[in-house]
Amino acid sequence: MLRKLRQQRAFHLMLVPSIILVFIFSYLPFYGLVIAFQDYNPGLGFHSPWVGMENFEHVFKQEKFLRTIWNTLYMSIFKLLGGIFVPVIFALLLNEVMRAAFKRTFQTLVYIPNFLSWVIMAGIMIDILASDGIVNTFLGLLGVKPISFLGSPSIFPWTMIVTDIWKGFGFGTVVYLAALTGIDPGLYEAALIDGANRWKQTIYITLPLLAPTIILMAVLSLGNVMNAGFDQIYNLYSPAVYESGDIIDTYVYRLGIVQAQYSIGTAIGLFKSVITCILVVLSLVLAKKAAGYKIY
Amino acid sequence: MVQDKSLGRKLFLIANYSILFLTSLFCILPFVNLLAVSFSGSAAVAAGDVVFWPVDFTTKAYEFALEGGQFLQSFWVSTQRVVLGTIVNLILMVLTAYPLSKTKEKVMGRGIYMGFFVLTMLFNGGLIPSYLIVVKAGLIDSIWSLILPGAMPVYSMIILMNFIRSLPEEIEESATIDGAGPMQILIRILLPLLKPALATVGLFTIVGHWNSWFDGIIYMNNPDNYPLQSYLQTLLLSFDQIMLRAGTDYSELLAQMNVRTGRAAQLFLGTVPILVVYPFLQKYFTKGLVLGSVKG
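Going down the list, the protein sequences come from chains P and X.
Going by the working numbering, the residue at position 104 of the first sequence is 104; the numbering climbs one at a time, nothing skipped.
Going by the working numbering, the residue at position 134 of the second sequence is 134; the numbering climbs one at a time, nothing skipped.
Keep in mind the hints are simulated off the structure, nothing from the lab.
Computed from a predicted model, the values in this text were never measured in an experiment.
The beta carbon of each residue, even a glycine, is placed where N, CA and C say it ideally should be.
If a hint is listed, it holds; no wrong ones were tucked in.
Here are some chain P residues pointing at chain X (derived, C-beta under 8 Å): (1) S26; (2) P29; (3) Y262; (4) S273.
Far from chain X, some chain P residues (derived; all Cβ distances over 10 Å): (5) N41; (6) V59; (7) Q62; (8) W70; (9) Y74; (10) L139; (11) K145; (12) P153; (13) L207; (14) S244.
From the derived model, a few chain X residues whose C-beta atoms are all more than 12 Å from chain P: (15) L66; (16) Q73; (17) Q80; (18) E169; (19) I189; (20) P196; (21) G202; (22) P223.
One chain only, chain P, in its complex shape:
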């Protein structure tokens, strides 16, 4: 018994450093959330005057804020949908490639953008999407007038949606390709004997067997509905497109950090965290139900 306790002590001691760090940097900010209900004053810190729900009432009356919610949902939902369909289709097409070398090359190329930061990507985008950039130059050859991809409020959200899918679809492709490789080849052979052509094989064998992975990926991305991509939008937007491009995170940053309106910024952040938390829990429950997936 004593020996057992001594052994256990070592296990508990191993956990101490992470517990301390996670406590300081993840749990103390929970306490910091009190400033959402206060009129924060840096001198008084977390003991600033209590104002109850006033910050929330103030924020929800602002049309500007409500617009950021709409912009966030609009962009994130189209990003999620595209982020599911594009990699599934690309993986299916890639799966028809018989030569392993080609398959690997395509996979390697489409997966590269995933590993580069949005800072680098934004630097490239700003250059190629400029009015005299290569994209507009090519469109000009086709007789299309220059498009203001980053400066026009009606086009900006779609530039964000398309470039986000472009950057990220390599990841999904790798995931779905891994799932496709796991399908028993015997099923296709049996289907061929039954006279099913490739198209029918795809519809009746491949897609149903891929469905759990697709559902799992879709469900797990639910937690991102309130994140429309801060890294991307912050590096590409400008005051000219705030009306359609400003999202919750960029708004919190400008209000909270740049203008030092800590209480308002925290209130919006808390609103976002609560919704996100509900969505994440929901996604984990659904993932377990739909695909038997659990994180631990």
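With chain P's structure known, arrange chain X on it following the hints.
Quick look at chain X alone, frame taken from chain P:
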């Protein structure tokens, strides 16, 4: 799979290869353009002559970046961050994953510990409270502000924990009978077995640290302390000022390079480390997927 040689199949394959080829091309052409611009003369770039091949080849933009100043300074900060950050992350992840891989009989309160860590995945205090904690901890302008807040990546830790659980128990049992304590077992027996899992999460940690830019922007007041990606972020807006600050004869410098070539060169240099680790990332990526998807 069974080969099928019909005409329809051949047409499909031609179309398929074309689609895959074009999509892959779209994923790398922007980088080719970036590279071409970075090696071109300023006049050719300003005239819009550069597409996918350098015009008036020059390495001036690279010489400018590597002559010293902010670029090298920030590169050094990023290098320190990646090395320190990855070491801290890996040590904490291993120290946490090992005890948590045990059953609650072997480590009392395991469920509580687990909940403590998982809760931080579901809910966070948001940007402002987290920022205020880092300020209060006195970490502003310290490299530790980039390392400590994310010192324990919970998701990667769970991947590692699941990996440890998948190892045969007999290995540890025999060592326990021989009188080895948990720390000895961890270091002598588990660490060598954990190598593939550590390589996987380690590589992703390296990429994560290298690509982070936002924490550098908010936690560093002195631009000398910016990691590379934060510095690159600032030059998206103001490269002309960096050229002015360089102090040499500005008009002479401008004849050889301009904002676009200079920026392209520095952005490209910022991606080089990622391209170096990319082959390894690819090798371990599918493994990471398998490790991450424990179903139960």
